[in-house]
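Sequence positions in the sequence shown follow UniProt numbering and run 1 to 96.
Hints were generated in silico from the structure; no laboratory data involved.
Any given hint could turn out to be false.
Claimed, not checked - Derived SDA-like pairs: lysine to any residue, alpha-carbon spacing no greater than 20 Å straight-line:
#	residue 1	residue 2
1	K38	T8
2	K38	S65
3	K38	I69
4	K35	T55
5	K35	H67
6	K35	S65
7	K38	S68
8	K35	L17
9	K35	Q10
10	K35	I82
11	K38	P23
12	K35	S68
13	K38	A72
14	K38	N7
15	K38	T55
16	K38	E73
17	K35	R88
18	K38	R13
19	K35	R16
20	K35	D51
21	K35	L19
22	K38	Q10
23	K38	H67
24	K35	I69
25	K38	P52
26	K38	T64
27	K38	E26
28	K38	G49
Claimed, not checked - Here are the simulated distance ranges between beta carbons:
#	residue 1	residue 2	range
29	Q9	A30	15 to 25 Å
30	E73	W4	15 to 25 Å
31	V44	L17	14 to 24 Å
32	R88	Q9	32 to 42 Å
33	D32	Q9	32 to 42 Å
34	Q12	V44	14 to 24 Å
35	P54	D83	17 to 27 Å
36	T86	Q12	14 to 24 Å
No residue lacks a Cβ here, since even glycine has one placed at the ideal position from N, Cα and C.
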Amino acid sequence: MAAWPYNTQQWQRLRRLKLSDEPLCERCRARDRVKPAKAVDHRVAISAGGDPFPTLDALASLCTSCHSIKTAEDEGRARPTIDPATGRPFGSSEWW
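Generate the whole structure from the sequences, applying the supplied hints.
The following block contains the structure:
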């Protein structure tokens with residue numbers, strides 16, 4: 001991709017729409033926690049071929065902490081905490 005999308009009006013509009021649609025962190029909600037979302041993240045990273053301006057269902061509303069964890073997971077710096085097949089958090093009984 002030639003340009004970074006996050007500084008564009010198109011991305012800012014998409015971000016506002018997603019946070020309006022899903023104002024709570026989706027990962028926290030999956031763990032029965034309530035925390036306001038501050039970041040909008042691509043479910044499929046742009047670097048992995050994801051659309052820079054996808055539909056809302058291809059975006060995730062995340063709190064700052066969960067966004068940092070997901071970014072580390074995507075970059076291979078952390079073990080996954082969410083099962084990609086189900087979207088549910090891994091439990092303490094998982095092998096890792």
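Broken hints, numbered, in rising order?
Per hint list: 4, 9, 20, 28, 29 and 36 violated.
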